[in-house]
Amino acid sequence: MIKTDVVIIGGGATGCGIARDLTLRGIHHYLVEKGDFANGATGACHGLLHSGARYVTNDPEAAHECITENIILRKIAKKCVEVTGGLFVRLPGDSRRFRDTFLKSCEDVGIPTEVLSPSRALDLVENLNPAMEEAIRVPDCSIDPFRLCMLNAFTSRHRGGGVLIHHKVIEIVKEKGRCIGVKAQDRFSSQVKEIRAKIIINATGAWGDQIAHLSGSEAPMTLSKGSLIISNHRLTNMVINRLRPPSDGDIIVPNEAVCLAGTTSVPVTDPDAIEVDPREVDIVATQAEQLIPKFGTTRLIRAYTGVRPLLKAPSGDSRNISRGFQIIDHNNGMFSILGGKLSTYRLMAEKMVDAIVGHFGVKVSCTTADVPLEGQEELSGYPLSKRLKEMDNIVCECELVTRDDVEGVINSIGTKHIGDIQHRTRLGMGPCQGGFCTYRALGIMQEIGRVSPEESMHILREFLQRRFRGIRPALWGDQLREEQLVESIYLGILNMEQHQ
Amino acid sequence: MIAREYDVVVIGGGMSGFMASHTLSRKGYKTALISQGDPVCSLSTGCIDVLSRSKDPLSGIRELPDDHPYRLVGEKAVEEALQFFSQIMDKTAIPYTGDPRENREILTPVGTTKTTCLVPRTMAHAQGDAGDYIHVVSFKGLKDFYPSYITSRIANSSFSLFDAKVTSTLSIATRFEEKPFLDEFISWIQDLDTPFGTIALPAVLGMRKPMAVLEELSSKTGRVIFEIPTLPPSIPGMRLFRALKSTLQQAGGHVYWGKPVSSVERRGSRIEAVTLATSGRPSRVYGRAFILASGSFVSGGLFASRTSVQETVFDLPVFVPGPRTDWFNHDFFTPGHAIEKAGILIGPSFRPRESDLENLFVCGSIIAHSEIMKNHCGHGLAIATGCAAANACDKELS
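If you read the sequences in order, they're chains A and B. At position 218 of the first sequence (counting the first as 1) the number is 246 in this note's numbering, and the numbers step up by one without a gap. At position 214 of the second sequence (counting the first as 1) the number is 201 in this note's numbering, and the numbers step up by one without a gap.
Read the hints as simulated data drawn from the structure, not as lab findings. What you are looking at is a predicted structure, and each value in this text was computed from that prediction instead of being measured. Using N, Cα and C, we set each Cβ at its ideal position, and we do this for glycine too. Any given hint could be a false lead.
Per label pair, the in silico range of CB-to-CB distance [stated by the list, open to error]: (1) A:Q493 to B:A325: 17 to 27 Å; (2) B:T299 to A:V143: 23 to 33 Å; (3) B:G309 to A:Q493: 35 to 45 Å; (4) A:E303 to B:Q177: 21 to 31 Å; (5) A:Q493 to B:G334: 53 to 63 Å; (6) B:S46 to A:A285: 50 to 60 Å; (7) B:F168 to A:R215: 43 to 53 Å.
Which chain B residues face chain A? A few, computed with CB under 10 Å, are given here [unchecked claim]: (8) K14; (9) V97; (10) K130; (11) T234; (12) S266; (13) S270; (14) V285; (15) T312; (16) N316; (17) F320; (18) M360.
When the alpha-carbon atoms are kept at most 25 Å apart in a straight line, the in silico BS3-like pairs for lysine-lysine are as follows [to be verified]: (19) B:K63 to B:K382; (20) A:K196 to A:K226; (21) B:K166 to B:K127; (22) A:K221 to A:K444; (23) A:K379 to A:K103; (24) A:K444 to B:K152; (25) A:K417 to B:K127; (26) A:K196 to A:K31; (27) A:K417 to B:K152.
So that you can see chain B by itself, here it is in the shape it has in the complex (with noise of 0.2 Å):
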């Protein structure tokens, strides 16, 4: 058995897990976060959606329930954790724009609108309303990009297809990451006949640099270019998470990742320390304190039985909102099933409400009342709640 000691362990890979860890390490404390692998946002738009209700999503937070986390947190708080998340994103390759008092419209791959509030800078230009006069460029064979649904919205818009020979988002992202390619396919743009100045493409520009292959794509070009956030495999999310991880790991957050926890030492109302399933010898990881950022259930942190619903970690209690038969409603587009209100109950610092651990801490989507699909507010209460959940942990701890 491997034993390593750590002020705090985070555990969830998320979202919300990461911006704890940053919290914390940028406080000093020594951490560990711990992940079963790629989280499940990274399959997301890498947006972050804040909250859709009003033009300034900070204000909608007054109108939200009593027992929304966001209320917990607080406007001024929430503020400050988007203006965190932005500068740690501001010294990576991928730095985000936007401003959190004010929402933005920005296209789909149907050509629908969608609201959100901080977005890649590679989608500094994808406004639904900017979009009056575009060229969508999609790929030959790409499964999940139609640009007609786009231009059948849009009426000054033409697309046209390029060959990428290979057709899903990740293989293509990579083949802009090659100099070769990137050139043929900036003489292809060049070549275009198209009267609309700005070019839309489904976000496939590169893995790694996509603010650097843009604007080359851009001033060789003279277009204005922008990326719409396709289906899951998503690569912006994919970006997101990849620049989480290595910048926390520069500030010197250690990271276990692939690694699931198999069982949790207690002693008393504190939890000692975790064992991980690892492939050889397993290892466990003694912490002062511990946050819970495991996310929903799509992420694993909620299991749900016919009958009733289990937090996977800790076994902590879960508030479930009446019976199974009343968790969805009976139909597909009316937002806020029931359901989405489950999760574990808080009070003030962030500690489970109805468990008697004192050094547990718990944020991002496992926390009840959330409704992120009702509200969408999926990363930006992830980001909330995960710099509220640390601050009232540093609180402890010191």
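Just chain A, same shape as in the assembly (with noise of 0.2 Å):
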């Protein structure tokens, strides 16, 4: 049995986030994840560190939330951010009046603005839509999600903190009434951790309700999936939003080497149980593509799509809902912390943990806003000409990782699971998503005995299951191309399809 002050379960960006702020308050925890880091809306998101701007005529609350830690984050996160700038563009036949309202609201929260000439914005992206009338600059960035969790994660782990991720918690064990620890499950072994505590903090996002239950509480919510699309290119330097009332498909994010378009609303009930429908494709990219004209003509990589966990909202549009955030104190030990925005992460892992140190005696205040993520330096990027030297030891051609890359991964977390080295290495990532180095890296898994062969190639089978979900809804032109030829690969020359 581990004994610790505060469980958090959870490791979005939320659960990371309240992590790094317990270790620089001094109090000891444990994060408990089901999955990998960034594993539920987090990682499914578009990565856009918002402005605000995007909020500023609903919801002018978040808008400054959005604005505060966009300059926090900038500051701390710098490996993460990528201050791109983003640009509200309004095409022919989008409200004049909504343009005004959107300015002056921006200048009420406090959101710098320039109004740009169409020809001054082509200057800055040149593949917008030259039909534009003119578009509106804004301090929106592209953050990396993923990095963002593992770097807050990396402060509490190197302080003492205990990370366990692929650890579902199946029990919240209960002492008269009152919470009292978890049961976690490792995913692979099965095997169960009891870890006690004092507080357990519910951050599981769009499972936060069913974690609540587990303690015999409810945490209400309002689940709506939102679903994008992934282009083979980068086709903007800039985040370019649609300069209209928030609705479908309205923002383009750079990120990496390709752009994600997005988004959808659509109101779920599971969050297990979703996936993306080839119809809201359709609607995404053609709204990108009155946006960014070329997107009509890239190729795109998959699709894929996450649960907002918004407030509980009584009816109506979820789009209308507050982006703003809610803590719960259950009052049997557990608190819940519900809805809120990737942005504003840091905002809320402060709120919560400023909720709870009194039961600590604990009077350290927050200091998260100003002291930068640690383990940051430690990151390089990917240097292109270093790695093209070693083309013999390349796995993955797309993404250009190596054999000893995906060993480091293995050795370092001791992991089973393909998506774990996908996450570290970005093994996978393009345009043929796995097809060809997924069996490569489970082969190397093999080779240093980390799985069985049966154990691979069940491993290989859910792969390419999960895979197909992901590129089945933008099957067109050249991916449809190289689903083929994969399905030919593993249909036709191994034959998985009779060996089960």
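Since each chain sits alone in its own frame, please combine them into the complex, following the hints.
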């Protein structure tokens, strides 16, 4: 049995942010995550560090939080944030009145804006629709959510905190009506660990109500699915928004070598039973094409979807629900933190920790807004020239990942999960989506004795199934060609269809 | 502009295009074959899958839906076409083995077995059930071949690795063409300490004369040896297409390699010529008849946009199985996605059914309702329809 002060359930941005905040205030804790970091909405969003401008007209409070945190994160998380800047683009037919309200609201909230003529906007982003009427520049940025979680957890890990990924909470241990710990099961070995704590924090996003139920309480939320598509090229170096009230397909975010375009908003009930509908892809692709015409002819890599854990709304369009957050004290030793956004994760963590420090007699105040994230200096980026010299050693040709990179991850975190290698090396993130390299990564795992050939085949089957779910909704053009080639390898050459 | 005239112009350098060209040049026609470059099917295993659903692949044709192109060719003509293919290959350095009336199981790189029909003779002993006592030899650093997959599935088996100093199938195959390398490899095999007499290798035994390499290896080591087809790039697939190309050229067929069609000259309901995009002056190729063998999506004969499917050379009407939302099953392992039915609808004379073009014939995987992955019938269907379209064209021209 493990003993600690606080158990955090959930390894998304909020959970990892809470872990770091507790570390800096000297409170011992364990973080338990059922998958890898950024497993839920954190990893399935568009990776936008909001300027807040998107929310100024309907939710000025959330917009204000966004701009404040935007400034803080650009300072403390330099290696996670790309300071791209953003544009709100007004196309013919978009309301001028909305534009005026937008500018006024930005001023009220304190979001700096600059109105640009079409020719100035086209100088900045040459692929923009030349028929645009004007663009408004705002301080939107691109952010790497996975790296953000890793770095927040890094602080905790290196200063005595416990971090358990691939551990699912299966039971909240209670004594006389109070929550005194959790039982967490290892996804691979099925072994159960019991962790005792004074306080349990439920930071599981869309799974919040499920976890609250384990303790006999409730955390009512409105769940809204948002789907996005990934293009094979970086068609813009700035975040591109549509200057109109929030609606489907109004944003394009550059990220590494690709662009993400989103999003839709569809109410859902079960966060584990979601997939992208090809019609959502049509909606987003059509809208993205209006902002950047080249989106229509660029190869799409895949589609993905995440669930927004929104505060409970009585009814109506979930886009109008506040993007603010809420902390619930269940009065039984458990707290739930609900709602919020990736952009405000740090603030959410601060308020959450403020709410519980009293239990530990700690008077240290929050310093996460001032202390830069530790571990950033170790991130080296992607030295292309170096990798090209090791061609014989390359496992993933799309992203130039070497055998040493793959072995490094397998050995350092001792994983059997192919997703862990993908997240940490970018293996399989390119156009073939792991169609070739996953088989190799599993072969390597087998050679170094991490998995048996039988396990390896099982993991490969699971991977191919999951991969196909992401690709299927956006299959046409070159991606369809590639998919049929991949199919001919696994179902033709290797005949994995008959051999279960 | 350079202009040349032929009796028949075949567009597409995959299996069906080559078989159509071979059929016609044997009948004495002056033929030209146009290809964008090495065909996608050179990525294949080199094995001829005919139809996997029954022990006798040809009898399975009767159970196919009426609109499947095999039904149009007919069982007997499919058999004759496969025999013709074997005859062609017998005269090359990569002869084939097998009976068109009997499927066989061969070992795959993950130790599963795969149903196929005719195989390169280097895979003659690759039957799954004969693999009970095998020693797998692989090569250090080879990325797509992990012998433990095979040894974990076969009780009496073991493996060892040879260091060829190079790590891709292509560069290892090239090394096997060097005498000193082969000698070094042979003596390494002779020193192998393994009780298992049969040796299985990934398919890398040379590019040009694999049978000669295999026979020398086998006679000097006294062991039964066979190749296992690998993932792309696949040496047996490349060998096959190089052999088909050179035998066609020897038989007098002209080959335009690496030159895509850039435009089509039509007069009324006839195609007069196609123009090729070449690096120098464009060339125009005239023909009395044309055969479209440009393949399906992977080869680029068909191209899917978000809302429709185009045929990329003549812009023929394409049969599309419903809206895009229904093109693919939800499950990766369930064979038979609807999109596999997409293609050109043809009539009994292998002409496109929904076009007024009189002198155009269609063969290979671009024909609608082929469902190649579902039926595992890729090369078999290409051979059968390639010969059948050529015969229909012959009837028309004579």
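A quick look at each hint next to the structure:
1. A:Q493 to B:A325: 17 to 27 Å: Given a distance of about 19 Å, which is inside 17 to 27 Å, the answer is holds.
2. B:T299 to A:V143: 23 to 33 Å: violated, 45 Å
3. B:G309 to A:Q493: 35 to 45 Å: violated, 23 Å
4. A:E303 to B:Q177: 21 to 31 Å: Given about 56 Å between the Cβ atoms, the range is violated.
5. A:Q493 to B:G334: 53 to 63 Å: violated, 40 Å
6. B:S46 to A:A285: 50 to 60 Å: Holds - the Cβ-Cβ distance for S46 of chain B and A285 of chain A, about 52 Å, lies within 50 to 60 Å.
7. B:F168 to A:R215: 43 to 53 Å: For R215 of chain A against F168 of chain B, whose Cβ atoms are near 47 Å apart, the range 43 to 53 Å holds.
8. K14: violated, 33 Å
9. V97: holds, 5 Å
10. K130: With a minimum Cβ separation of about 5 Å from chain A (threshold 10 Å), the hint on K130 of chain B holds.
11. T234: T234 of chain B check fails; min Cβ-Cβ to chain A is 25 Å, beyond 10 Å.
12. S266: Since the shortest Cβ distance to chain A is 24 Å, the answer is violated.
13. S270: This interface hint is violated because 27 Å lies over the 10 Å limit.
14. V285: For V285 of chain B, the interface hint holds, since the closest Cβ of chain A sits about 5 Å away, which is under 10 Å.
15. T312: holds, 4 Å
16. N316: holds, 8 Å
17. F320: This hint holds: F320 of chain B lies near chain A, its Cβ roughly 5 Å from the closest one there, short of 10 Å.
18. M360: At about 6 Å, which falls below the 10 Å cut-off, the nearest Cβ of chain A leaves the hint on M360 of chain B intact, so it holds.
19. B:K63 to B:K382: Holds - the C-alpha atoms of K382 of chain B and K63 of chain B are around 18 Å apart, at most 25 Å.
20. A:K196 to A:K226: Distance of about 19 Å is within 25 Å: holds.
21. B:K166 to B:K127: holds, 20 Å
22. A:K221 to A:K444: With Cα atoms ~19 Å apart, K221 of chain A and K444 of chain A stay inside 25 Å; holds.
23. A:K379 to A:K103: Measuring from Cα to Cα gives roughly 20 Å; hence the hint holds.
24. A:K444 to B:K152: Status violated; Cα separation ~30 Å.
25. A:K417 to B:K127: Holds, at about 19 Å.
26. A:K196 to A:K31: holds, 18 Å
27. A:K417 to B:K152: This hinted pair holds, its Cα atoms lying about 17 Å apart.
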